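Asks: One letter stands for each residue in the lines below.
Number of protein chains: 4
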Amino acid sequence: MVKKEFFPGIKKIRFEGPKSKNPLAFKWYNPKEEVAGKSMREHLRFSIAYWHTMKGSGADPFGAPTWMRPWNKSNNPLRIAEDTMLAAFEFFTKLGVDYYCFHDRDICPEGETLIETNKRLDKIISLAKKLQKDTGVKLLWNTSNMFSNPRFAHGAATNPDAHVFAYAGAQVKKMLEAGLELGAENYVFWGGREGYETLLNTDMKRELDHLAMFLRMAVDYAREIKFKGQFLIEPKPKEPTKHQYDFDSATVISFLRKYGLEKYFKLNIEANHATLAGHTFEHDLAVASINGMLGSVDANRGDLLLGWDTDQFPSDIYQTTMAMYIILGQKGLGTGGLNFDAKLRRGSTDLEDLFIAHIGAMDAFALGLKIANELHKDKVLSDVIKNRYSSYDTGIGAKIEAGMVDLKDLEVFILKNGEPKQVSGKQEMLENIINQYLVG
Amino acid sequence: MVKKEFFPGIKKIRFEGPKSKNPLAFKWYNPKEEVAGKSMREHLRFSIAYWHTMKGSGADPFGAPTWMRPWNKSNNPLRIAEDTMLAAFEFFTKLGVDYYCFHDRDICPEGETLIETNKRLDKIISLAKKLQKDTGVKLLWNTSNMFSNPRFAHGAATNPDAHVFAYAGAQVKKMLEAGLELGAENYVFWGGREGYETLLNTDMKRELDHLAMFLRMAVDYAREIKFKGQFLIEPKPKEPTKHQYDFDSATVISFLRKYGLEKYFKLNIEANHATLAGHTFEHDLAVASINGMLGSVDANRGDLLLGWDTDQFPSDIYQTTMAMYIILGQKGLGTGGLNFDAKLRRGSTDLEDLFIAHIGAMDAFALGLKIANELHKDKVLSDVIKNRYSSYDTGIGAKIEAGMVDLKDLEVFILKNGEPKQVSGKQEMLENIINQYLVG
Amino acid sequence: MVKKEFFPGIKKIRFEGPKSKNPLAFKWYNPKEEVAGKSMREHLRFSIAYWHTMKGSGADPFGAPTWMRPWNKSNNPLRIAEDTMLAAFEFFTKLGVDYYCFHDRDICPEGETLIETNKRLDKIISLAKKLQKDTGVKLLWNTSNMFSNPRFAHGAATNPDAHVFAYAGAQVKKMLEAGLELGAENYVFWGGREGYETLLNTDMKRELDHLAMFLRMAVDYAREIKFKGQFLIEPKPKEPTKHQYDFDSATVISFLRKYGLEKYFKLNIEANHATLAGHTFEHDLAVASINGMLGSVDANRGDLLLGWDTDQFPSDIYQTTMAMYIILGQKGLGTGGLNFDAKLRRGSTDLEDLFIAHIGAMDAFALGLKIANELHKDKVLSDVIKNRYSSYDTGIGAKIEAGMVDLKDLEVFILKNGEPKQVSGKQEMLENIINQYLVG
Amino acid sequence: MVKKEFFPGIKKIRFEGPKSKNPLAFKWYNPKEEVAGKSMREHLRFSIAYWHTMKGSGADPFGAPTWMRPWNKSNNPLRIAEDTMLAAFEFFTKLGVDYYCFHDRDICPEGETLIETNKRLDKIISLAKKLQKDTGVKLLWNTSNMFSNPRFAHGAATNPDAHVFAYAGAQVKKMLEAGLELGAENYVFWGGREGYETLLNTDMKRELDHLAMFLRMAVDYAREIKFKGQFLIEPKPKEPTKHQYDFDSATVISFLRKYGLEKYFKLNIEANHATLAGHTFEHDLAVASINGMLGSVDANRGDLLLGWDTDQFPSDIYQTTMAMYIILGQKGLGTGGLNFDAKLRRGSTDLEDLFIAHIGAMDAFALGLKIANELHKDKVLSDVIKNRYSSYDTGIGAKIEAGMVDLKDLEVFILKNGEPKQVSGKQEMLENIINQYLVG
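Residue numbers (our numbering), protein chains in the order written: chain C, 1 to 440; chain Z, 1 to 440; chain Y, 1 to 440; chain G, 1 to 440.
The reader is advised that the hints may include incorrect statements.
Pairs involving identical chains hold if they fit within one copy or between any two copies, as the list cannot separate such chains.
Claimed, not checked - Here are the simulated PhoX-like cross-link-like pairs (lysine-lysine), alpha carbons at most 25 Å apart as the crow flies:
hint, residue 1, residue 2
1, Lys73, Lys416
2, Lys32, Lys174
3, Lys205, Lys258
4, Lys133, Lys11
Rather than coming from a laboratory, the hints here were simulated on the basis of the structure. These numbers come from a predicted model, not from an experiment.
Please build the complete structure, drawing on both the sequences and the hints.
Replies: The following block contains the structure:
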C-alpha cells in the first residue's frame, strides 16, 4: 500500500537561497540554519492543516470544486481516507515539515452510527501512528469538527438541545483518546457554531454556562486518561455564525477567568481571525502573550478589504516579522507551532501549487524570524520602549507602580511640578527603521 | 443673572400624541404615562450630554463651527461657562429631562495652573448646585476629560510618562469631589487615549498595569470621601487612538477580572461604540447584562457604513426596542440612565434643531419602551427561549447543568439514543412578529 | 405527475391583517388592496428566486446541508429537476406570487456535453411553460450561471481563455432562447466571476473589453431572435472574487457608457450588494433611478456587521419604505419586479419556514409601499426638497442651471451680495417624521 | 525677511544608503540615481502638501493641537502666512523636494470680504512666486478649500443654495488665476462636501447637474485665461459627508462621461481614499490608468482596520512597489507627481519628525520604483500576463476581439471543441516572486 506516490514529479524541497528561480525551492527557509541559538526548524515548528491542504477542493460558496486530487479518486470513502493519509505524509516529508493538525472528520468520514464512526477512526488513527513512526512527523494538535454536521446547526456545547451537547461530548472524548494515542502536543477548540444567529431566540448566559461546563469535562477527561497535551482555544469573531462567543483573545480570556478555567487553556491565534475581529494579527498575539496565554498560531493571512475568512497563505513580511518578534519575545511557543491554516486560491489548480504556496509561507516566516531576531539582538524596539517608560523606574512613577501613592499624593505632585514635558512617540522613525531591517 | 433666556421662542415641550404635526412636541414620550408599574420618566431616566448639546459647534475634522450659540458670545471664558450652565438648565427644564452629564472641561476651561483650574471649577460647580436645587434636575454622572489636552497625547493613566499619570490622577480627584458635591449618581471613565497608536513603541502590559492601579486609586479615594456613585467604564474600540484598551464589554470585563476590580465597576454602553467594535448595540448590552454589569447607556446611533463615531441621535425603533427589552429584562438600570451622547448634524444649524433632535430621541426610546414592554408581557420571546432550552431542565440536560456527568456518560447517552432531532430556530418567524409589535 | 403535493399541510396564504397570530397569513400584504390607483399586486410584482427557495439546502462554507426537501429525493437528477419545478409552482401559487426567476443550472443539472445539457433544458423548459400556462405565474427573468462550474474559475466573459468565453456565450445563447420561449420579461447578467483575484496576473483592460464584446453579442442575438425582455446587469462589488467589475451602480453605468451599451441595459439592484459596496440600499437605487436605469430589484437584506452576502429576507421597514419611495418616485419598475434573492437561515429547518420567511418579506414591502405612498401623497419630503433648492428656480440660480453665467459673473455676484445665509438641513426633523409615518 | 531660519538644526538631507543609522538621511532615495533612463527625481516628482506639513497641528476630533510651529507664533495672521511660506520653502529645499501643493485657505486666511481675502492672497502669492524663482521649487497643483468654511456645510457646487455655488465659483476663479501666476502644472478638485448626509432632503440629480455645470465653468475660464495646467478630480467615498459624489475612480469617470467632461479631466488618486472605498490603492490606480486618466497621486497610507482617513506617511513597500509598477507601466505621471498628503501622528511632536516622516516616505517610493523597475525589466508579470491571455491572439479568441463572431459561432465552437482545459492562475507563485524582488 505504501508504495503509491501521489506527487511523483516532486522531490524533497531544498534550500537554494534568495536568488533561486526554482519555484520548488526554499529561498530563506534553511531548516538547520541557526538563529539565536536554535535551528530555524526548532523555532518555527511548521505544521500542515489537513483540512485545507489534503481535503480542500477549490470549492467556494458560489462554485463547485476546481480540482480532484489523486488521493481522492476511489469510490470507497475509507480507501480515500487511507490514500489521503498516505499522500499527506508524502507531502509532509517532501516539504520537510515536522507537524500536522487534523479534525476527526478530516481524517475519516462519519459512519451511520457513532460506533461505526469510531471504528473507522480507529483504523485510520492506527495508520497515522504507523506513518508518524516511519517518518518522524508529529501531531501538533487535533480537534473535533463540531460545526459541519447539520446536528450542530445551532451549536455544539452551546446547543439549546442537551442531546447535541452530549453528541459533542462523545466526539471530543474520542478525539482526546486519539490525541493520546498519536502523542498530540496540543488539543484545540474552535467553536465555529458556538455563538448565535439572533438574540431573539438565544439565552446567551445559559449557553456560556454550558460551554464552560463542556470545557471542564474535557479537562477532567484529559486528566483521567493522562493526556498531557496543552488545551488551546482558537478565537474567531464571526463566520459562520453571526456572533461567535470566542470573539477574540480578550473575550476568550474573560470567559476563561469567569469560569475559573484560565489555568487549563492557552490560545491558538489565527491571523485572519484577528483581523476579522478588527485587530491586527500582532495585537491579538500580544494580548495573548502578555497574559501568558499565547500557545500556538494559525499562520495565514486575510484580506482586510474582504469581510470573510480568506485563509490565504502568509506572505506579508511585515506581518511575519511582527509575529516572530512577539514569539521570540516570549521565548517561543512551547508545545505550539505555526500551523498553515491556509488554502490555495480557487484558481490555483496545479498540484504543484500546493507545494509552492507552502514554500512561500515557510519562506515568509523564515524571513520574519531572521528580521525579528535582528530587531531583538539590536534592541531596536526594546531600548526605545525601555527608555520611554523609564519615568516609572524611579520617583513618583516607581511609587505609582508600587501602589504607594494615592490621588492626593498625585495632586500634590502636580501642584509642585506643574505640566509634564512633551515627548514625541517617534512612530514614523520606528517605521522607517523597520523598513531598513526588512529590506536593508 | 438667572433672568437671561437663551431659548426665548421655545416653551416647555408637551406630549401631543403620534398624530401631532408640531415638531416641538412629543409624539410618544408622555412622562407620567405608566408602563409596567412605573412612569415612563422613571423608566427612561433621560440625560443630556453637556459636551455635545451645550458645547457642540458643528465643527468636524474638515470644517469650522457652523453655529454660534447665544450662551457662547462673551469674550470672558468664565462668563461663557456661567451662561452655558444657565442655558443648559433652561434646556433641561424646557425639554423635561431629569438628568445631565459632564466632563470637567465642558463646564469650565482650564486655567494656567491646576490650582487656577480648580478654583474656576469650584465656582461653576457652585452654580450648578444651585441650579440643580432650583430645578430638581440631577447629575447622572460626571467624568474627567483626559484626552483633549495635548498632555494626554500618549494616554492618561496609560501614558509612558508617570508625570502625566499624576496629572490625570489630580484631575480625577477633583472630579470625584465634584461628583460628591453635586450628588452624582455615577462616575464614568472613558479612556479615549488609553490605548496605542503602534505596538512598535508600546509596552502594553505595563500600560494595563498602570490603568488598573489608576482605577484602584479612584475607588479608594471615592471610599475615603464617601462618594457613593456607581463607577462605570465606557468601552470603545478605537478612535481617537488606533486601538483602545476598553475595546468592548467583554474586553473591559476581562480586564477588571484580571485585576480584581470587577466588583467596583459596571459598564456604560454606547450604541455607536458597540457597532464600531463589530457588535450590535443589543449584543454589548446583553454581554454587560448577563455579567451583572450593565450600569448605564449612552443612547445614540452610529452609521454602520461609516467607520467613525457619528454620534447621531437615536431614531431606529428596532434598536430602541431591543435596548429597552434588555433593560426591562434586568429590571432597569438602577442608578444609570439613558444619556444622549449624540450631536446635531453639522448642517442642522437652527437653534430649535437642538430640541427637535432630543424630542425625536426621547420619542424613539418611549416607543421602544412600550413595544419592549408588550414583548415581555406577552412573553413573545421568553416563551420561545424557555421552550428552546427545556431539554436542560430534565434528564441528561439537567445532569449536565448540575455537573453530574462526564464525557463517558455523554458517550453512553449517544450510544443509546443516537442522533438528536432537528429543530428549527424560527428566526424569520420571530423577525416577522417583531414587525407586528413595532407597527401593528 | 401533477398530482404530487409537496406542501401538503399548507393552504393558500390569506390576508388576515396586522393583528393575526397566524404565522402563515399575511398581515399587510393584501394583493387586491388599492394603493395610489393600482393594486398592491401590480405595484410589487413579487418574484421567487429559484436558486435559494427551491435549491437551497441550508449548507454554508462550514457546514453540510441542514434540510432535505421532499422534491429532492429521487436518485435521478432529471426527476429531481421535474419534481422541483412542480414543487416550485405549488409554492408560487400557494404563496400567491406572480413571478419567478432562475439560472439555467437551477432548473436542470448539466449533462456530459453541451448538447446533452441543452436537451435536458428543453425538457424542463417545456414543463415550466406548461405550468406557467396552468397557473398564470410568469417568468420575471432568467439568467445563466457562469460562476459555479470550475471552468469559470477565472471568469466567464472575462476569462483569460477564449475557449471559456465561447462556452459562456453558448450558455447565454441557450438562455436567451429559453427566455423567449417562456416569455421572460427581463434577462439578467450577474458576473460573479467577472473580476479578479489579484492584479499580479490580470489584464484588466483586456478583460473589460471582452466583457463589453460579450454583452454586445447578447444584445445582437436577442434582437436576432426577437427576444424583447429588458437586459439587466446586477452590480456586486466582491464575493466570490476579490474584486468584481460590476462593483456598484455607478461603476456599471460607467462601463456601459464607455462601450456605448447604456441604451440596452438597466440595473437590477440588490440590497445586500449595495451594502457590500459601502452604500445604503436606497443610495444604489437612487443612483440607478436618476440615470433612468433602475430596472428591477433583488429584495433582500444584509447584515452590515458581516462582510459577506447574507441574503436575509427583507424585514426592516425603514429599508422597504425607502426602496418603495424611490420606486414609486419613478412610477414603478416597468417590466422589473421585487425578486426575493433571500435564503432561510441555516437553522430554519422546518418546511413551513419557507412560507413564513416569504410572508414576512412580502408584508415588509407591502408596509413599505403603504408608508412610501403616504409620504408621496403628503409631499412630506418632496416639498422640503423643492423648497430647499428653490434658489435655482430664479435669479442667479436659474442662470446657473441655464448655463448663462461664468466664473466672472459669479465673482461679481458675490462681490455684490456677500456671504450666503445659513440654512438648516433639518435632518433630525425629517427622521422624526419618518418614524411618525412608520409607526404612527 | 528671508534671513529667518525655522529649522536651524537641520541641514540639507543627504543620501547615505541603506545601512545608515542617521534618521535624517535618505537610505534609498538618491535623486540623481538613474533608473530606467531617468533620474529618481524625474520619476518621482515628490511634492509637499502645504495643509498637513505646514498647517498641521496634531489636533484631532478629540484633542487640541499638540505642537506649535515656530512659523505660527505671530499674533498677526498675515505675518503667520508669510512666515509659513518662508518656512515651507526652507523645508522643501532642505528636504530636496521639487514640488508643493496648496489650497487657497492654507496659504492665507480669509478676510472679512472676498475682496479683502483676495487682496491677502495676492500678497502671499507674490511671495510664493519669488520663493519659487529663488529656489526652483515648483507648484505641482493648487486648489480651493470649499469644505472648511461653514458656508459650505451643505456643499459647494452641489449646495442647495445657488448663492453658495456662486461663492465657490468666485473662489475657484481666483485660484485658477493663482495657478496661472505660479505656473501650476495641475489644478485639483476634491469635493469634500460635494455629497449628502441624508437622501431625505437631497435632490441628487439636480446636485450632480450643478456639479457638472461648475466644472464646465472652470474649464471655460481656464481656457479664457490660458491656464494650461491639467485638471484633476480626486475621488473619495465619504468623510466628511456620509456619501461623496466622487466615490472612486469608476464613479468619477462615469460622471465625467455622462456630462461630456472626460477629455478635460484626469484623476488624482489617493491611497487612503481608495481603501476607504473598499479598493486597494493599486486597484484605483489601475482603473484610472486603463482609462487613460491617471494624472497624479496623493501618496499616503490608510489603516484598513480604521474607518477614517488616517493620512499616514507611506511606508509599506508592497504598496509603493505596486503603485510605481502601474506608473512606470503608463510611462509616468506626465505633469502629475507624488504628493505626500500625509500627516504626522498626533504624538510625533518633535519638529524633526516632519523631516523623518517625509524621508521615510521618499525612501519607500524610491525603493518601490527600483523594485517595480526590476519587475518590468525582467518581465516578471508581463510575460505571465501575455501568455495567460494568448488565446485571444489567434483563432476564436482573435475573432472574438475583432468582433467577427456571434453567439451562434461560439456555440458551434463549443459543440466542436467541448470543455476548455483547466489552467492555474499561479497567484501564490507570483506572490512568492514579489517577495524575492522585495527582499532578495
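Asks: So which hints don't hold here, by number, going up?
Replies: Going through the list in order, the structure violates hints 1, 2 and respects the others.
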